[in-house]
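Asker: Since each chain comes alone in its own frame, lean on the hints to assemble the complex.
Spelled out from the first residue to the last, the chains are:
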Amino acid sequence: QKEVEQNSGPLSVPEGAIASLNCTYSDRVSQSFFWYRQYSGKSPELIMSIYSNGDKEDGRFTAQLNKASQYVSLLIRDSQPSDSATYLCAVNRDTGNQFYFGTGTSLTVIP
Amino acid sequence: DVKVTQSSRYLVKRTGEKVFLECVQDMDHENMFWYRQDPGLGLRLIYFSYDVKMKEKGDIPEGYSVSREKKERFSLILESASTNQTSMYLCASSFRQTYRLRDEQFFGPGTRLTVL
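Taken in sequence, the protein lines are chains U and Z.
With the working numbering applied, the first sequence covers 1 to 111.
With the working numbering applied, the second sequence covers 112 to 227.
The following block holds chain Z by itself, in its conformation from the complex (with noise of 0.2 Å):
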């Protein structure tokens, strides 16, 4: 079974902190994906990445960057979190689009992130 981790389920942060969430998938995906999901405006898009070291921003990127140093693993960071930042953050993974009929997403578990 396709398995992805997320590294907290729930995180509570300060404003101005330096957060970091992690996520990690074992299936040997290319892609990696970060949304994040809010009631009423649904799952939007941060950044993906579609090999190590790249990445390319989805549609709400501010206030994100994101880090791909192994194939595995696809990092969110927080640079200063922002009340607004206050959101589910969920990580999914695919095959690249090369491989056809198997593109589907996984989703990790999803971190609960309030920011105070």
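One chain only, chain U, in its complex shape (with noise of 0.2 Å):
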């Protein structure tokens, strides 16, 4: 079993649609969780980062926790062909420092 799993997609929304972005682990001792955006060529940058079980909301985005479930998503709300990209899911565990990423989640918004 992987450590973290996404669905690879790809995703398509229409233009100012929510976008909705699912990722599992498989560590309960798990404690920190973040959403990187690729773009084509382009390595990975941070848009979110959740500790606490709940909505973590910035901007257009909204992170989401559930701890009990080993669950963490992202939302895209009024979603814009600037955000086609690769949404990676990270999870860092208690252990050390290492990071587990997802392979991915494609997202294209069509205009």
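Since the hints were made in silico from the structure, they are not lab data.
Hints may contain errors.
In silico DSS-like pairs for lysine-lysine, Cα to Cα no more than 30 Å straight-line [as the list claims (entries may be wrong)]: (1) U:K42 with Z:K124; (2) Z:K166 with U:K42; (3) U:K42 with Z:K168; (4) Z:K182 with U:K42; (5) Z:K168 with U:K67; (6) U:K2 with U:K56; (7) U:K2 with Z:K124; (8) U:K56 with Z:K114.
Remember, it's a predicted structure, so these values are computed and weren't measured experimentally.
Answerer: Laid out in structure tokens, this is it:
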């Protein structure tokens, strides 16, 4: 079983819609959770971090964490074509500082 | 802003050459990481370092070595490059875990290495 799992997609949404990206993780001791956006040919860019159960909002982005279900999600409201990218979920377990990354979900926002 | 820089954006080397990839960060981060990223395989950790002169193997260390002589600089070395090491190489850095809520990793721009 992989440490972090994401649907690879591709996920397509129309401009203005809500895009929902999901991630599950296997280790219950995980403490820190992150979403990165990666444009084609570029390096990952941190967009959200979340550490407690519940929702965390930042502009059009909302991260949701449910530790009981070992599930973290990212909602993008009012999706724009510039949101088209691959989104990586990352988890930091409590031992050491090694991150575990999912393989990413490809999102396309259709104008 | 956190800045992580890598020595080259694109690099072309021949099989058997020794290759040096360098990474520098300016945020006084204790941790530094080297990943490679390949289509369909995601990010895979090669080595990481949590302090000067310290190193830990990641998931795929074979064929690679690292050096960390100064806190801000972390080098990845391909002792004898092979074609299967053609990939995107990404460096990242972060504070050590004890700085809770500040443990996110920041990435450099990446080096696309082609080994012919």
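Asker: Checking against the hints above, which ones are violated?
Answerer: The structure breaks only hint 7.
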